[in-house]
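Trainee: I would like the entire structure built from these sequences, with the hints used as guidance.
If you read the sequences in order, they're chains P and C.
To convert, note that position 75 of the first sequence is 544 in this note's numbering; the numbers rise steadily by one, no gaps.
To convert, note that position 12 of the second sequence is 673 in this note's numbering; the numbers rise steadily by one, no gaps.
Worth flagging that the hints you see were computed from the coordinates, not collected in a lab.
It should be emphasised that the depicted structure is a prediction, and the values quoted were computed from it without experimental measurement.
In this text, a Cβ means the ideal position worked out from N, Cα and C, and glycines have one as well.
A hint or two may mislead.
[As the list claims (entries may be wrong)] Each computed DSSO-like pair below joins lysine-lysine, with the alpha-carbon atoms no more than 30 Å apart:
id	chain 1	residue 1	chain 2	residue 2
1	P	Lys521	C	Lys728
2	C	Lys664	P	Lys571
3	C	Lys724	C	Lys684
4	C	Lys664	P	Lys507
5	C	Lys680	C	Lys728
6	C	Lys724	P	Lys513
7	C	Lys680	C	Lys735
8	C	Lys684	C	Lys664
9	P	Lys571	C	Lys735
[As the list claims (entries may be wrong)] What follows is a set of in silico ranges between Cβ atoms, one per label pair, in the way DEER data are often shown:
id	chain 1	residue 1	chain 2	residue 2	range
10	P	Asn545	C	Ser737	44 to 50 Å
11	C	Ser776	P	Lys521	17 to 23 Å
12	C	Asp692	P	Glu573	18 to 24 Å
[What the hints assert, rightly or not] Calculated from the model, a selection of chain C residues having no Cβ within reach of chain P, i.e. all distances over 12 Å:
id	residue
13	Gln667
14	Gly669
15	Gly687
16	Ile709
17	Ser737
18	Ser745
19	Gly768
20	Ser776
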Amino acid sequence: EIVLTQSPTTMTASPGEKVTITCRASSSVSYMHWYQQKPGASPKPWIYETSKLASGVPDRFSGSGSGTSYSLTINNMEAEDAATYYCQQWNYPSWTFGGGTKLELK
Amino acid sequence: EVKLQQSGDELVRPGASVKMSCKASGYTFTDYAMHWVKQSPGQGLEWIGTIIPLIDTTSYNQKFKGKATLTADKSSNTAYMELSRLTSEDSAVYYCARSLGPFDYWGQGVMVTVSS
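Mentor: This is the structure:
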């Protein structure tokens, strides 16, 4: 089973700041999906197949990575971006989520 | 419009079982896999298992084998998850989500509270 480790676990960012969240896999994976979740709400697909933005996701978000290291980046943090972000991957026959990164507004 | 409508919140006694539903609409039910995900209070997301309604095939996270049973009714476009022998560790929100790849639509979640 592949383990996904996200860092940092929590972080704060000011409006306009650049934010990078990292997801490291215990073994090489082909791609990474990312989800955004706000309190009391269901997770939303955010970035899929490493770098493709889901519908409605602002283009200040981007995703990159390969092998065992993937990242989600926000250029110019906005208040609405405060949320918890989870990475996810599929390695037959299991899906795995990272532990989540809680991003707060400073 | 794609929608996954989950059943209502549950309060159940320790040792009991609970069966929840996820009714799909707005797409062809058998064209997608359906997943179930657990979120314990203040914690992250945990994949429980997957059912492929077209061929009634299931796969489970090893951790949930014997705890969760996934079924699907193609006639009503509804997926079900039954949790057995409930303990306080099973108190959580449970989501269904459909996918061909990433989980692109999620239900609103069912909060299960296990308490005597």
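Trainee: All hints are to be evaluated individually against the structure, with a verdict given for each.
Mentor: Results of checking the hints against the structure:
1. Restraint check: the Cα-Cα separation between lysine 521/P and lysine 728/C comes to about 35 Å, which exceeds 30 Å; the hinted pair is violated.
2. For the suggested pair lysine 664/C and lysine 571/P, the alpha carbons sit about 27 Å apart, so the restraint of at most 30 Å is met.
3. Proximity of lysine 724/C to lysine 684/C is assessed by CA-CA distance (about 25 Å); at most 30 Å being required, the pair is judged to hold.
4. Restraint check for lysine 664/C and lysine 507/P: the C-alpha separation of about 19 Å stays at or below 30 Å, so the hint holds.
5. Distance restraint check for lysine 680/C and lysine 728/C: the Cα-Cα separation of roughly 12 Å lies within the 30 Å cut-off, and the hinted pair is therefore satisfied.
6. For the suggested pair lysine 724/C and lysine 513/P, the alpha carbons sit about 24 Å apart, so the restraint of at most 30 Å is met.
7. For the suggested pair lysine 680/C and lysine 735/C, the alpha carbons sit about 17 Å apart, so the restraint of at most 30 Å is met.
8. Between lysine 684/C and lysine 664/C, the direct Cα distance comes to roughly 8 Å. Compliance with the 30 Å bound is thereby established for this hinted pair.
9. Taking the CA atoms of lysine 571/P and lysine 735/C, the gap is about 38 Å. The hint is violated against a cut of 30 Å.
10. Taking 44 to 50 Å as the suggested C-beta distance range, the pair asparagine 545/P and serine 737/C conforms, at roughly 46 Å.
11. Checked against the given bound of 17 to 23 Å, the beta carbons of serine 776/C and lysine 521/P, roughly 43 Å apart, lie outside it.
12. Between aspartate 692/C and glutamate 573/P the C-beta distance comes to about 39 Å, which lies outside the given range of 18 to 24 Å.
13. Look at glutamine 667/C: its CB is around 10 Å from the nearest CB on chain P, not clear of 12 Å, so calling it non-interface is violated.
14. Even its closest Cβ contact with chain P, about 15 Å, leaves glycine 669/C beyond 12 Å, as expected for a residue assigned away from the interface.
15. Distance check on glycine 687/C: its Cβ is at least 15 Å (rounded) from any Cβ of chain P, clearing the 12 Å threshold; non-interface status holds.
16. Against the 12 Å criterion, isoleucine 709/C falls within the reach of chain P, whose nearest CB is about 9 Å from its own CB.
17. With a least CB separation of 22 Å from chain P, serine 737/C remains clear of the 12 Å interface cut-off, as annotated.
18. Residue placement check: serine 745/C keeps its beta carbon more than 12 Å from all beta carbons of chain P (closest about 21 Å).
19. For glycine 768/C, the requirement that its beta carbon stay farther than 12 Å from each beta carbon of chain P is not met, with the minimum near 7 Å.
20. For serine 776/C, the non-interface assignment is confirmed: its Cβ lies about 21 Å from the closest Cβ of chain P, beyond the 12 Å cut-off.
Hint violations for this structure: numbers 1, 9, 11, 12, 13, 16 and 19, all remaining hints satisfied.
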